[in-house]
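Position chain B against the provided structure of chain A, taking the given hints into account.
2 protein chains.
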Amino acid sequence: VRGEMAAWARAVRGLLLDVSGVLYDSGGDGGVPIAGSVEAVRRIKASGLKLRFCTNETQATREKFVKKLQGMGFDISVTEVTAPAPAACRILKERSLRPHLLVHDALVPEFAEIDKANPNCVVIGDAAENFTYANLNEAFRVLIGMEKPVLISLGRGRYYKETDGLKLDVGAYMKALEYACDVQAEVVGKPAKMFFESALAEMGVPPQQAIMIGDDIVNDVGGAQRCGMRALQVRTGKYRPCDENHPHVKPDAYVNNLAEAVDIILQQL
Amino acid sequence: VRGEMAAWARAVRGLLLDVSGVLYDSGGDGGVPIAGSVEAVRRIKASGLKLRFCTNETQATREKFVKKLQGMGFDISVTEVTAPAPAACRILKERSLRPHLLVHDALVPEFAEIDKANPNCVVIGDAAENFTYANLNEAFRVLIGMEKPVLISLGRGRYYKETDGLKLDVGAYMKALEYACDVQAEVVGKPAKMFFESALAEMGVPPQQAIMIGDDIVNDVGGAQRCGMRALQVRTGKYRPCDENHPHVKPDAYVNNLAEAVDIILQQL
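Respectively, the protein sequence lines represent chains A and B. Count the first sequence with the working numbering and you get residues 251 to 519, in order. Count the second sequence with the working numbering and you get residues 251 to 519, in order.
For the record, the hints were derived by calculation from the structure and aren't laboratory data. Please note that the accuracy of each hint is not assured.
Since the list gives no way to pick out one identical chain from another, each pair is judged satisfied if it fits inside one copy or across any two copies.
What the hints assert, rightly or not - For lysine to any residue, the following SDA-like pairs were computed, each having C-alpha atoms within a straight-line distance of at most 25 Å: (1) K411 / N385; (2) K411 / N380; (3) K398 / R490; (4) K411 / Y383; (5) K314 / D493; (6) K317 / L347; (7) K398 / K500; (8) K398 / V468.
For reference, chain A alone in the conformation it holds in the complex (with noise of 0.2 Å):
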C-alpha cells in the first residue's frame, strides 16, 4: 500500500473525512471513539492540509454533532463540516419547495427558516426511530397526492454500523418511497457530484489534490473518485471484507483505518 500510494500522495494539499465509521462508531450512548482517530485528526491539523468533514449524518444538527465529537476528543468545529441538511436547505428556497419532513427529530432545527405550511415535496433523512409505519404512510400519502411528486432524500446509505449492530440507512426507506410513488428521489449529500464539489469549493483545493477517506465504498469511495479525487477505504465502521470485490468501485487503497492512512500520508509530505 505504502509503495502505490507514494506517487500520488505526494500531490495532496487537502483531505476529505467522512466522519461515521472513521472517527468513531455511531450508537444509542452517543457512540466511542475508533483508536488512533483522535490524534489522526490532529495530526493532520498539525501538517498544514486542509481538512473538511464530509459527513452524510442527518442525525442531529450539525452544532450537536460536532459538540459530541468534541467530547470524544475530536478537534472539530461546525465550520468544517460539509452535511446534507444545509445543501437541501439551500435547494429548497431556490425552488420555493415547502416541505414535508421525514427526519430524525434532532435534524429538525436545521430546516427552522423553511416554510413547511401546505407542503410540496418531501424531505427524507436519516429518521432512525422516526421511521414508523404511520410516518412512512404519511410521508407516501403527501407524495402520492402531488401531480408531480418530488422527493429530496439527504443521501442514499444503504446501511451503517453502530454500537449495537447494522442499522438500515436512509437509502432503503428512499427506495421504498421511490418504488410505491414511480419516482426518482433528488439526492443531496454523498455520492452527488455536486455535494463533494462544495466540500472541494470550501477547502479551496482542486479534486486532483484531494482524498476522500470513508467506510462506504459505494457513497464516499466511488461518489469522490467520480469527481477525480483519489479515495481510501478504511477497514473500519460499515467495511465488510466483500467490498473488496465490489463490481464497480476500487478504493485508490486500502487502509486499516485512519490513523494508518494519517501516517501514510504525512510520510509523502
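Frame of chain A, contents of chain B only:
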C-alpha cells in the same frame, strides 16, 4: 365497453376475482363491502361460471379472512381462495428453507408447520403495524448476514386503499430490503405467473377462457394478461384515473365496479 367485450366474453368459463378493492374496502374496522359486490358474487355462482378468489392478502390466515368476508354477506369459502402464504409454504418445504418472518401477527399460523429455527431466508408480507424500525432492522440483519441472501416477498404491491386512506404495501418494504442487501426478492403472489397458473389449475379452466377482475393495474391486470387471460380493471379500491394512462398495461376493458362487470359478462352467456 359492452360492445367491445361481447365477442371474447362469450367464451368465458371462469372468473378470477381480486378481493380487496373489488369485493370490499379494507380498514382498521374490518372494512366495508363495495356496493353491489355481495350480490355480484352470488350471481356468478348462480350462473355456473367457475370462480376463484385470487388475493395477495397477507394480513390474516385464509380462515380469518374468509370469515370476515362471510360476515359482510359474501358467499365464499377457504377452498375457493388462492393466497400467497400457502404458496410460500410449499416453496419453503421444497427448498428446505427456514424463514425469518416479517409478516402480520395474524398470518403467522399459516407457517405453523414450517421450521423457523436458525433462519436461512427472510419472508416478508404485508406486516402493517409490524413494519417497525426495529423489525425492519432485524430482518435486514438476518439477510445481510447470509452468504447469499434469500428474500421471499408475498406480493409486490406498491400501496392499497383502506377506509382511512392509502397505505404502503409489502412491495415498498421489499424494495427497501432489496436495496440494502443488493438482492432481488422472489415474489410469491400476484403478479407472479406461477401464482395465476395455480389459480387457473384449481379452477380447471385454461387462460383463454378466464377473466381476471381487479383494481390493481400492474399486479392484477398486467399479471393476468401475461398469463394469456383477459383482464378488467374496476374503478373501485386503489384505482386512480391516471391508471388509464399506464405506459405498459392496458386492461381489456374498464368497468365501474364488480357489479357492472358481472352484468356485462352474464349478458353474453
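Hint by hint, here is what the structure shows:
1. Taking the closest pair of Cα atoms, K411 and N385 come within 25 Å of each other both inside a single copy (23 Å) and across two copies (16 Å).
2. Proximity of K411 and N380 under a CA criterion of 25 Å is satisfied in both settings, with 18 Å inside one chain copy and 23 Å between copies.
3. With identical chains, the CA atoms of K398 and R490 are at most 25 Å apart between copies only, with a shortest distance of 15 Å across copies and 39 Å within one.
4. For the identical chains of this complex, K411 and Y383 are neighbours both inside a copy (23 Å) and across copies (15 Å), given an alpha-carbon limit of 25 Å.
5. For the homomeric pair K314 and D493, neither the shortest alpha-carbon distance inside one copy (31 Å) nor that between copies (46 Å) is at most 25 Å.
6. For a Cα distance limit of 25 Å, the shortest separation of K317 from L347 qualifies neither inside one copy, at 30 Å, nor across copies, at 48 Å.
7. Only between protomers do K398 and K500 lie at most 25 Å apart by alpha-carbon distance; the minimum there is 22 Å, versus 37 Å within a single protomer.
8. For a Cα distance limit of 25 Å, the shortest separation of K398 from V468 across copies, 20 Å, qualifies, whereas the shortest one inside one copy, 29 Å, does not.
The structure shown violates the earlier hints numbered 5 and 6.
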